[in-house]
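There are 4 protein chains.
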Amino acid sequence: MTRVTVWNEYRHEKHSDEVAEVYPDGIHTAIADGLEEHGFDTHTATLDDPEHGLTEGVLDDTDVLTWWGHRAHDEVADHIVERVHERVLDGMGLLVLHSGHYSKIFKKLMGTTCSLKWREAGEKERLWVVEPSHPIADGLDEYVEMPEAEMYGERFDVPAPETLVFNSWFEGGEVFRSGCCYTRGSGRVFYFRPGHETYPIYYRDEIKQVLANAAEWAAPGDGPTPSFDNAEPLEEL
Amino acid sequence: MTRVTVWNEYRHEKHSDEVAEVYPDGIHTAIADGLEEHGFDTHTATLDDPEHGLTEGVLDDTDVLTWWGHRAHDEVADHIVERVHERVLDGMGLLVLHSGHYSKIFKKLMGTTCSLKWREAGEKERLWVVEPSHPIADGLDEYVEMPEAEMYGERFDVPAPETLVFNSWFEGGEVFRSGCCYTRGSGRVFYFRPGHETYPIYYRDEIKQVLANAAEWAAPGDGPTPSFDNAEPLEEL
Amino acid sequence: MTRVTVWNEYRHEKHSDEVAEVYPDGIHTAIADGLEEHGFDTHTATLDDPEHGLTEGVLDDTDVLTWWGHRAHDEVADHIVERVHERVLDGMGLLVLHSGHYSKIFKKLMGTTCSLKWREAGEKERLWVVEPSHPIADGLDEYVEMPEAEMYGERFDVPAPETLVFNSWFEGGEVFRSGCCYTRGSGRVFYFRPGHETYPIYYRDEIKQVLANAAEWAAPGDGPTPSFDNAEPLEEL
Amino acid sequence: MTRVTVWNEYRHEKHSDEVAEVYPDGIHTAIADGLEEHGFDTHTATLDDPEHGLTEGVLDDTDVLTWWGHRAHDEVADHIVERVHERVLDGMGLLVLHSGHYSKIFKKLMGTTCSLKWREAGEKERLWVVEPSHPIADGLDEYVEMPEAEMYGERFDVPAPETLVFNSWFEGGEVFRSGCCYTRGSGRVFYFRPGHETYPIYYRDEIKQVLANAAEWAAPGDGPTPSFDNAEPLEEL
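Each protein sequence line maps, in turn, to chains A, B, C and D.
All letters in the first sequence, in the order written, are residues 1 to 237 by full-length UniProt numbering.
All letters in the second sequence, in the order written, are residues 1 to 237 by full-length UniProt numbering.
All letters in the third sequence, in the order written, are residues 1 to 237 by full-length UniProt numbering.
All letters in the fourth sequence, in the order written, are residues 1 to 237 by full-length UniProt numbering.
Calculated from the structure, these hints are not laboratory results.
Predicted model, so just to flag it, every value in this text is computed and none were measured.
Possibly wrong hints are sitting among the right ones.
Which copy is meant is left open, because identical chains are indistinguishable; a pair holds if it fits in one copy or across any two.
List of simulated lysine to aspartate or glutamate pairs, EDC-like, C-alpha gap at most 16 Å [claimed, not checked]: (1) Lys107 to Glu21; (2) Lys208 to Asp138; (3) Lys107 to Glu82; (4) Lys108 to Asp74; (5) Lys108 to Asp222; (6) Lys104 to Glu82; (7) Lys14 to Glu37; (8) Lys107 to Glu86; (9) Lys117 to Glu232; (10) Lys108 to Glu86; (11) Lys117 to Glu21; (12) Lys108 to Glu82; (13) Lys108 to Asp78; (14) Lys104 to Asp25; (15) Lys208 to Glu75; (16) Lys124 to Asp229; (17) Lys107 to Glu142; (18) Lys124 to Glu171; (19) Lys107 to Glu120; (20) Lys117 to Glu142; (21) Lys107 to Glu37; (22) Lys117 to Asp229; (23) Lys104 to Asp222.
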């Protein structure tokens with residue numbers, strides 16, 4: 001059974017009544033519940049836990065980590081970012097959600113600013129599936145519609161995704177590469193756009209489906225562990 | 001000086017007053033004029049010319065071929081398609097425009113149906129630049145806007161582009177990968193979406209700029225010509 | 001249970017004692033046996049069967065098709081190639097093996113000549129895993145070694161693979177992109193280099209493992225079936 | 001005229017007679033001379049210069065930066081790495097050479113360890129051109145051969161290159177992705193493998209050709225500068 005650790009900054013929910021109303025137990029709880037429904041073994045961790053809840057022990061028991069953060073990216077300790085980075089390169093899957101695009105760990109894995117345009121206007125979004133054979137699109141229709149979403153617009157300053165699964169349309173005139181697959185080291189990384197804290201997006205069935213698909217896709221396999229060192233001498237070959 | 005042959009089906013213009021009003025000398029003339037302004041040496045060819053205007057001699061003098069077709073794709077002779085295909089694999093650039101997505105040559109190069117959704121409703125389109133460092137985006141703003149366009153929507157059934165330069169937004173709710181780069185053999189292929197026959201799109205400065213950029217990008221270089229045969233015997237190495 | 005149809009030209013085995021000694025029941029039987037060991041439900045089909053064994057009924061019951069051919073590519077009927085092509089675009093997986101690089105179906109899917117260099121000298125090959133997190137590399141070491149192989153060398157005239165899983169080294173001085181992943185339509189295609197008819201390559205455990213991994217990877221998922229037609233009118237959106 | 005700043009750690013040459021004999025004026029001088037022959041305007045900078053020779057002023061006058069380092073990667077100051085990183089994202093080209101794979105700037109741009117295997121045995125290397133239409137292959141034969149090279153072997157722990165131009169074969173049994181193109185932000189990055197300090201590799205005509213081609217390819221264009229901020233309000237669109 002794939003083990004997912006759901007990480008959440010968990011600050012908006014504690015400081016904003018508007019957000020608390022949507023996610024009374026935190027965004028992490030909503031995400032974890034959705035994954036549980038799909039048969040995953042979940043665990044949650046938040047910024048204010050000791051070591052942000054991401055101890056070596058927790059990561060030892062994690063196949064895939066999901067990351068939601070927004071207003072406190074800078075409070076994530078660098079040594080924890082290093083730890084998570086090493087785990088990803090060693091094969092742990094990582095799902096970066098919505099405003100997590102500006103997290104230290106995502107910027108470190110991408111090598112770019114991960115900047116974008118945004119607008120909070122509760123506008124309509126459609127995530128079009130552009131790669132229907134990708135496992136992350138399993139069980140979906142041709143597009144997923146959000147009646148109200150924060151807009152994220154191009155240019156999204158990331159390396160071109162290895163696979164672009166979703167391409168978003170927004171009512172106000174923008175587009176966005178909303179589902180982006182990457183490989184870093186032996187780890188798989190998926191960026192998924194939806195998920196603003198004031199909209200009940202993580203309760204939607206299609207979103208739960210995508211997160212479950214992505215967790216399955218990002219779970220580590222059984223490939224070789226590369227050796228990085230001085231190779232055998234030439235004469236023995 | 002880069003030599004561009006501008007190919008046009010040239011039927012709509014002869015049979016529809018509406019189209020003839022927009023392109024009185026044919027779409028090919030408008031495209032060729034735009035390329036001439038940017039310093040290219042152009043030549044035009046149309047479906048009803050002998051050998052569709054694509055004789056071996058013409059192709060000998062062609063660095064980049066542009067392709068516009070719509071209602072008569074089936075009338076393009078298979079042996080001419082083979083001839084163009086060989087030239088592309090040998091290094092000739094190919095710019096496939098708008099409804100050319102359904103041309104025999106594009107389908108042959110892609111290996112897929114090249115199908116898509118469409119709607120003729122004169123709606124607004126924005127082509128967002130998603131890869132600003134690509135030479136095809138030189139001289140552009142963050143997006144190019146068409147006040148009235150035919151809509152093309154995803155799923156666009158092509159292989160994922162090697163580079164996605166433009167991503168289109170449409171008023172009616174669709175998105176489309178509008179500027180797609182491919183390499184086939186030693187040739188470079190660019191698909192560019194805008195260009196319906198009833199809108200004066202090829203007279204627009206930004207569109208001329210994109211076609212000039214793309215022709216420059218697709219022009220053949222001076223790389224090695226691969227040999228495909230039985231290699232030197234093992235013992236001589 | 002994933003259903004694999006193993007297709008073989010099955011001519012070398014009938015006309016060459018040397019090949020018959022290595023594959024007395026045909027290459028298809030060896031490949032099918034390996035897949036059975038890994039839990040697949042297999043079926044075989046050969047060139048000389050009616051409709052080459054690839055009737056609509058057989059394809060209805062096929063999740064993944066494997067293709068081995070060499071000397072009789074031209075004898076494969078075009079309408080059967082069309083049929084297989086449509087099935088791939090609709091989601092059937094396709095594993096193209098060794099000299100199958102020159103098959104009609106592979107060339108049609110790639111859009112290029114699929115040419116390469118070759119040398120029959122029984123030289124050593126090492127397939128290095130360059131993407132260790134890819135599911136096709138599951139269960140392997142850092143490289144797979146063939147003590148004796150036919151050499152295939154670059155330039156391999158195919159579109160750049162979406163994922164390059166294996167990169168081959170040959171004793172005589174060449175390299176080759178030996179494990180190449182593609183998406184075409186809703187189907188997944190994997191080209192895998194090893195497999196000359198005079199070497200017992202398909203009996204090797206690592207090769208069976210790769211084919212099993214690839215069949216699993218290429219099996220169709222449950223993504224959306226795109227509609228390709230006139231979209232809903234603008235006014236209703 | 002494209003302005004290239006050639007950066008060199010410049011330590012081996014000062015501390016090893018063997019290296020000083022090959023590169024008496026430093027590796028940077030040899031690289032800069034080769035670029036001058038191809039018409040570039042060059043400038044050199046080294047680790048022990050103030051600010052490592054990479055002041056804001058120098059970078060203002062730099063279109064493309066080349067980077068050679070090996071034993072003193074850790075001595076490169078983090079704030080200079082940040083400065084170079086920002087410049088690359090803003091459009092400056094970067095050519096990372098040989099042991100520069102372990103430089104701070106390359107690791108920061110890639111997001112991975114950039115590890116590999118190596119062996120110093122003066123063995124033969126062949127760089128096969130796998131993408132003959134790429135401008136970095138202009139003027140080359142099908143492969144470039146180094147009679148004596150340090151071996152670098154896969155797994156090379158980098159993100160899959162956007163374009164793989166060269167694929168190396170080594171006498172001792174390894175392969176390596178030797179010419180790798182990336183886009184990061186608005187900047188273009190090329191990793192090129194050859195170049196050990198004890199072999200006179202940067203004096204070779206084919207290597208000078210590749211570096212000139214790569215500098216031309218990586219030079220900044222005239223694409224749009226993306227804005228990253230709160231977009232226009234929805235109601236004004």
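Legend entry - Numbers of unmet hints, in rising order: Of the numbered hints given earlier, those the structure breaks are 1, 5, 7, 11, 14, 15, 16, 17, 19, 21 and 23, listed in rising order.
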